[in-house]
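Q: From just these sequences and the hints, can you work out the full model?
The listed protein sequences correspond, in order, to chains A and B.
Okay, so the first sequence: first residue is 2 according to the numbering used here, each after it adds one.
Okay, so the second sequence: first residue is 25 according to the numbering used here, each after it adds one.
Don't take each hint at face value.
[Said to hold, decoys possible] Below 35 angstroms or equal to it, Euclidean Cα-Cα: the simulated DSBU-like pairs (lysine-lysine) are:
no. : chain 1 : residue 1 : chain 2 : residue 2
1   : B       : LYS77     : A       : LYS3
2   : B       : LYS95     : A       : LYS43
3   : A       : LYS43     : B       : LYS27
4   : B       : LYS95     : A       : LYS3
5   : B       : LYS81     : A       : LYS57
6   : B       : LYS79     : A       : LYS3
7   : B       : LYS77     : A       : LYS43
8   : B       : LYS27     : A       : LYS71
9   : B       : LYS95     : B       : LYS77
10  : A       : LYS57     : B       : LYS37
11  : B       : LYS94     : A       : LYS43
12  : A       : LYS68     : B       : LYS79
13  : B       : LYS42     : A       : LYS43
14  : B       : LYS81     : A       : LYS68
15  : A       : LYS71     : B       : LYS94
16  : B       : LYS27     : A       : LYS3
17  : A       : LYS57     : B       : LYS27
18  : B       : LYS37     : A       : LYS3
19  : A       : LYS71     : B       : LYS81
20  : A       : LYS43     : B       : LYS79
21  : A       : LYS71     : B       : LYS42
22  : B       : LYS81     : A       : LYS3
[Unchecked claim] Quick look at which bits of chain B chain A covers, simulated, 3 or more residues with Cβ under 8 angstroms:
no. : region
23  : 66-75
24  : 127-133
Everything labelled a hint here was simulated from the structure, so no lab data went into it.
Each residue gets a CB set at the ideal place from its N, CA and C atoms; glycine is no exception.
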Amino acid sequence: QKEVEQDPGPLSVPEGAIVSLNCTYSNSAFQYFMWYRQYSRKGPELLMYTYSSGNKEDGRFTAQVDKSSKYISLFIRDSQPSDSATYLCAPRSPTGRRALTFGSGTRLQVQP
Amino acid sequence: DVKVTQSSRYLVKRTGEKVFLECVQDMDHENMFWYRQDPGLGLRLIYFSYDVKMKEKGDIPEGYSVSREKKERFSLILESASTNQTSMYLCASSPGLAPNTGELFFGEGSRLTVL
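A: Encoded structure:
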């Protein structure tokens, strides 16, 4: 079993839709949960992160963590064509190695 | 802004050639990383370094080596390129012990094709 599992998509939605992107993980030591966004032909950039369980909101984006089920979600409200990108989850243990373990990424396409 | 610069965006090499991928960061970060990214497999860690002249193997180090002679520069070396090393290579850096999130800052990637 991979340490981090993510549906690769592609996921295609109309503009304005609510998008749900999800990851599961197996390492219960993970405490930080990051989402990276990667536009085509670019490197990934940190979108947002949460610590431990719960929700965190940043504009149209909400990150949610359920540690009991080892499930991570990223919700995008009022999706825009500019949100078209690959989204990668990256959970991390505070005492683990300095490198991140990434999910395989979900490719999202928002149609105008 | 943190800037991580990868020297070549696109390279085409022949099987058996020695390949150097260079990465420079301008934020005095201690940690530097090399990942490769392949469809369906995501980002996989090749090597990382937490100090000058220090290196540690990642998850897929076979066929690769690295060099870190200066803090700002981390090079990935393919001693004898093979077709299965055709991939997107991403360099990243992060500060210090990264006690909190451990955010990585990525370069734009180097797409290598081995014929």
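Q: Now look at each hint and say whether the structure bears it out.
A: Here is what the structure says about each hint:
no.: 1; hint: B:LYS77 - A:LYS3; verdict: holds (31 angstroms)
no.: 2; hint: B:LYS95 - A:LYS43; verdict: holds (24 angstroms)
no.: 3; hint: A:LYS43 - B:LYS27; verdict: holds (13 angstroms)
no.: 4; hint: B:LYS95 - A:LYS3; verdict: holds (32 angstroms)
no.: 5; hint: B:LYS81 - A:LYS57; verdict: holds (34 angstroms)
no.: 6; hint: B:LYS79 - A:LYS3; verdict: holds (24 angstroms)
no.: 7; hint: B:LYS77 - A:LYS43; verdict: holds (28 angstroms)
no.: 8; hint: B:LYS27 - A:LYS71; verdict: holds (33 angstroms)
no.: 9; hint: B:LYS95 - B:LYS77; verdict: holds (9 angstroms)
no.: 10; hint: A:LYS57 - B:LYS37; verdict: violated (45 angstroms)
no.: 11; hint: B:LYS94 - A:LYS43; verdict: holds (25 angstroms)
no.: 12; hint: A:LYS68 - B:LYS79; verdict: holds (33 angstroms)
no.: 13; hint: B:LYS42 - A:LYS43; verdict: holds (25 angstroms)
no.: 14; hint: B:LYS81 - A:LYS68; verdict: holds (29 angstroms)
no.: 15; hint: A:LYS71 - B:LYS94; verdict: violated (40 angstroms)
no.: 16; hint: B:LYS27 - A:LYS3; verdict: holds (31 angstroms)
no.: 17; hint: A:LYS57 - B:LYS27; verdict: holds (27 angstroms)
no.: 18; hint: B:LYS37 - A:LYS3; verdict: holds (32 angstroms)
no.: 19; hint: A:LYS71 - B:LYS81; verdict: holds (27 angstroms)
no.: 20; hint: A:LYS43 - B:LYS79; verdict: holds (26 angstroms)
no.: 21; hint: A:LYS71 - B:LYS42; verdict: violated (42 angstroms)
no.: 22; hint: B:LYS81 - A:LYS3; verdict: holds (19 angstroms)
no.: 23; hint: 66-75; verdict: holds (count 5)
no.: 24; hint: 127-133; verdict: holds (count 6)
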